[in-house]
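Participant: Respectively, the protein sequence lines represent chains A and B.
Start counting the first sequence at 1; every next residue gets the next number (the working numbering).
Start counting the second sequence at 1; every next residue gets the next number (the working numbering).
Bear in mind the hints are in silico, worked out from the structure with no lab data behind them.
Treat the numbers as computed from the prediction; the structure is a model and nothing was measured.
Where is the CB? At the ideal position from N, CA and C, for every residue including glycine.
Hints are not guaranteed to be accurate.
Said to hold, decoys possible - In silico lysine-lysine, DSS-like type, Cα no more than 30 Å apart, as pairs: (1) B:K318 to B:K270; (2) B:K375 to B:K270; (3) B:K93 to B:K270; (4) B:K220 to B:K167; (5) B:K375 to A:K6; (6) A:K57 to A:K46; (7) A:K122 to B:K397; (8) B:K119 to B:K92; (9) A:K57 to B:K45; (10) A:K6 to A:K57; (11) B:K104 to B:K318; (12) A:K46 to B:K220; (13) A:K122 to A:K89; (14) B:K90 to B:K104; (15) B:K210 to B:K45; (16) A:K6 to B:K3; (17) B:K397 to A:K23; (18) A:K57 to B:K397; (19) B:K52 to B:K22; (20) A:K89 to A:K78; (21) A:K124 to B:K397; (22) A:K89 to A:K124; (23) B:K318 to A:K6; (24) B:K138 to B:K92; (25) A:K122 to A:K78; (26) A:K80 to A:K122; (27) B:K90 to B:K138; (28) A:K57 to B:K375; (29) B:K210 to B:K104; (30) A:K23 to A:K122.
To be verified - Quick list of the computed label-pair ranges, beta carbon to beta carbon: (31) A:T92 to B:G241: 54 to 64 Å; (32) A:N13 to B:G241: 47 to 57 Å; (33) A:A25 to B:Q392: 14 to 24 Å; (34) A:K124 to B:A402: 18 to 28 Å; (35) B:H112 to A:D21: 28 to 38 Å; (36) B:D135 to A:E87: 51 to 61 Å.
As the list claims (entries may be wrong) - Take a look, some chain A residues computed to stay more than 10 Å from chain B by CB distance: (37) N48; (38) K80; (39) I88; (40) D120.
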Amino acid sequence: MAYSEKVIDHYENPRNVGSLDAKDAAVGTGLVGAPACGDVMKLQIKVNDEGIIEDAKFKTFGCGSAIASSSLVTEWIKGKSLDEAGEIKNTTIAQHLSLPPVKIHCSMLAEDAIRAAIRDYKEKHPRA
Amino acid sequence: MIKRPIYLDYQATTPCDPRVLKMMLPYFTEEFGNPHSRSHAYGWKAEEAVDKAREQVAAILCADPREVIFTSGATEANNLAVKGVAHFYKDKKNHIITCSTEHKCVLDSCRHLEQEGFKVTYLPVKSNGIIDLDDLHKAITDQTVIVSIMAVNNEIGVIQPLAEIGKICRDAGVFFHTDAAQAVGKIPLDVNAMNIDLLSLSGHKLYGPKGVGALYVRRKPRVRLQALINGGGQERGMRSGSLSTPLCVGLGEACALAQTEMTAESARLKALSARFYKAIQDSLEEVYLNGDAEQRIPGNLNISFAHVEGEGLMMGIKELALSSGSACTSASLEPSYVLRALGVEVEMAHTSLRIGFGRFTTEEDVDTAAEMIIKEVNRLRDMSPLWEMSRQGIDIKSIQWAEH
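Produce the entire structure from the sequences given, and follow the hints as far as they go.
Facilitator: Have a look at this one:
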């Protein structure tokens, strides 16, 4: 299968790989996917007092498209408010990376990961 | 020219040996006769070449040349063996035994026979990939017509106990067919000593040309089968159609070379595999060999690299041509059914690579491959949430995953 240049770039030079302290009140963690399905994404956001995502990190077990999707969204959500980040759609991710139909689930997983991270953060801050 | 990847997929196909090609070439041009033309010298020359090839194929199996039927490949040979025997004896018996890790062409032939009303038993395999002979014993009934068990598995390289299976089948009066596409030229085979009644082989898996194979069909005690392809009655009526002289010549020569070189080549490949596996084990934790460590062909390693997804890994080792047991390489999301049959967890099946060494693999290739794989596995583990959890002592199975 031929990968798009953007997928290859993110796979070879992934942005924002790593972990934030999941116990930190400012950090929201999303863990989505399943090992049995061949892909797992962990996406973490660090939100400042103004409600803006000031940092994002990911770790992904999966194919090149899954790694690229998660790397890409960490770039996109930085600097965004939680509401803005929550609006990122898998179709936009898939389109940007030129994912073939069999890899659309990778972009859906990345969308799920953002939402899961936001949800986790909001659970820590019920009034935010 | 851009440097091509190092070829490590010898179970998928092999290059045609230049010595084989050289023998084939005259039969495309000057010696173009139809081997079935009996009335002139063109035909006689072609027939002579086909006869020699048939002897060469028979020799590597310790068979009689009259027992060799040329086909288009192992898929056709397997279809012919399983369906041909089932159909011929259908008025007397209706039960077939095979195993869950067979090649798709055997499994799919069996599925078709099931739709026609035949009963099929799919034997499980043990965690080392080998069938339990007791299971085979118990599965045989007075309705069983044929047992089809592969000689060597194409994914994990394990060798089934052919002689033991052959004895059980002979004692029970049941035909024994073996798909030996991955075995011929790699392990010694003797259809008489092993009580094999039918045996399939393929040209392109043993450094011969693509598009040719053969089915060995025993004469004494006689095995009869119904042809899949009807026509002029060539190949003792079991496979009509004019033979391709160059392809038959190529298959024969490939068998002859493999037979001569097998002992030395096996030792060389065994050393290369051991060298590779040691390099991997010395540098990486949590790598697991799939399939029996001893009962396997020397040129195959199937390894799971825990917490690194196979397709993702292959993308990072573009300079190596190999394949993965991960689902992502195919349109389906299910990982290798062979690994699953061994009881390998789905998540581990996703992390496997099949590494095949062969006639043109050098020590340098092996060292380069090991180095690249180690580097990439380490890079991807640093990026893997599962690896991180496992390092923190979190049991991945304890997490409630949302399967999608």
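Participant: None of the hints should be skipped; say for each whether it holds.
Facilitator: Hints and how they fare:
no., hint, verdict
1, B:K318 to B:K270, "holds (25 Å)"
2, B:K375 to B:K270, "holds (24 Å)"
3, B:K93 to B:K270, "violated (43 Å)"
4, B:K220 to B:K167, "holds (15 Å)"
5, B:K375 to A:K6, "holds (22 Å)"
6, A:K57 to A:K46, "holds (9 Å)"
7, A:K122 to B:K397, "holds (27 Å)"
8, B:K119 to B:K92, "holds (13 Å)"
9, A:K57 to B:K45, "violated (72 Å)"
10, A:K6 to A:K57, "holds (19 Å)"
11, B:K104 to B:K318, "holds (27 Å)"
12, A:K46 to B:K220, "violated (77 Å)"
13, A:K122 to A:K89, "holds (20 Å)"
14, B:K90 to B:K104, "holds (23 Å)"
15, B:K210 to B:K45, "holds (23 Å)"
16, A:K6 to B:K3, "holds (23 Å)"
17, B:K397 to A:K23, "holds (22 Å)"
18, A:K57 to B:K397, "holds (24 Å)"
19, B:K52 to B:K22, "holds (16 Å)"
20, A:K89 to A:K78, "holds (16 Å)"
21, A:K124 to B:K397, "holds (26 Å)"
22, A:K89 to A:K124, "holds (24 Å)"
23, B:K318 to A:K6, "holds (16 Å)"
24, B:K138 to B:K92, "holds (20 Å)"
25, A:K122 to A:K78, "holds (17 Å)"
26, A:K80 to A:K122, "holds (15 Å)"
27, B:K90 to B:K138, "holds (22 Å)"
28, A:K57 to B:K375, "holds (22 Å)"
29, B:K210 to B:K104, "holds (18 Å)"
30, A:K23 to A:K122, "holds (14 Å)"
31, A:T92 to B:G241: 54 to 64 Å, "holds (55 Å)"
32, A:N13 to B:G241: 47 to 57 Å, "holds (55 Å)"
33, A:A25 to B:Q392: 14 to 24 Å, "holds (21 Å)"
34, A:K124 to B:A402: 18 to 28 Å, "holds (21 Å)"
35, B:H112 to A:D21: 28 to 38 Å, "violated (58 Å)"
36, B:D135 to A:E87: 51 to 61 Å, "holds (57 Å)"
37, N48, "holds (24 Å)"
38, K80, "holds (23 Å)"
39, I88, "holds (18 Å)"
40, D120, "holds (14 Å)"
The structure fails hints 3, 9, 12 and 35 (numbered hints given earlier, in ascending order).
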